[in-house]
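Enquirer: For the sequence shown, our numbering assigns the number 31 to the initial residue and increments by one for each residue that follows.
I should point out that these hints are in silico values taken from the structure, not numbers from a laboratory. Quantities reported herein were computed from a predicted structural model and do not represent experimental measurements. Be careful, since some hints might not be right.
[Unchecked claim] Pairwise CB distance ranges, derived in the manner of DEER restraints:
1. Asp-89 with Ala-179: 33 to 43 Å
2. Val-197 with Ile-94: 22 to 32 Å
3. Lys-81 with Thr-42: 13 to 23 Å
4. Leu-33 with Ser-170: 49 to 59 Å
5. Thr-158 with Ala-201: 18 to 28 Å
6. Leu-139 with Leu-166: 48 to 58 Å
Even for Gly, the Cβ is constructed at its ideal location relative to N, Cα and C.
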Amino acid sequence: MRLDDTIAAIATPLQPSGLGVIRVSGEQAVSAVEALFKTKGEPLNKMETHKLVHGWIKDDGKLIDKVLVVVMRAPHSYTTEDVVEIQCHGSPFVLRIILDLVLRQGVRLAGAGEFTQRAFLHGRLDLTQVEAISDLIQASSEIGARLAAQQLRGKLFHAIDDVKKQVISIA
């Protein structure tokens with residue numbers, strides 16, 4: 031795995047639904063999506079961070095889908111890199127077309143868990159939070175989801191850190 035390339039993946043389940051999300055992260059995320067995204071507003075590279083913008087994904091002038099796009103500028107994103115999320119209709123066919131268009135911009139397909147791995151390697155998450163993300167995704171009960179959410183917030187890490195500090199102060 032390289033940390034200096036730009037990656038993309040479908041972030042929602044690949045089944046028909048009202049909404050699908052494609053996430054792109056890395057130095058070229060904004061320019062890769064900007065090549066496909068058409069809007070009446072300012073271009074993505076001038077857009078302020080965390081602002082949702084309506085537009086269209088086009089391929090050689092042909093309309094693919096009506097979308098919402100949000101740019102999250104480094105370091106204020108999940109991976110701490112520039113991240114662009116494309117919110118489109120949740121057709122597996124549409125998601126695959128848009129992902130393929132993004133990949134044609136020189137972006138690499140992300141491996142499973144690679145966005146979270148980048149967040150960990152860049153210091154956004156500690157190991158207990160990475161585990162909590164997996165637990166939250168797999169949660170099958172309310173209590174399981176709540177415990178995972180608390181762990182994601184850093185509760186377990188802080189408890190362990192407090193015990194560590196107490197042990198060090200005793201020694």
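Enquirer: Starting from the hint list further up, note which numbers the structure goes against and sort them upward.
Expert: The structure breaks hints 2, 4, 6; every other hint is satisfied.
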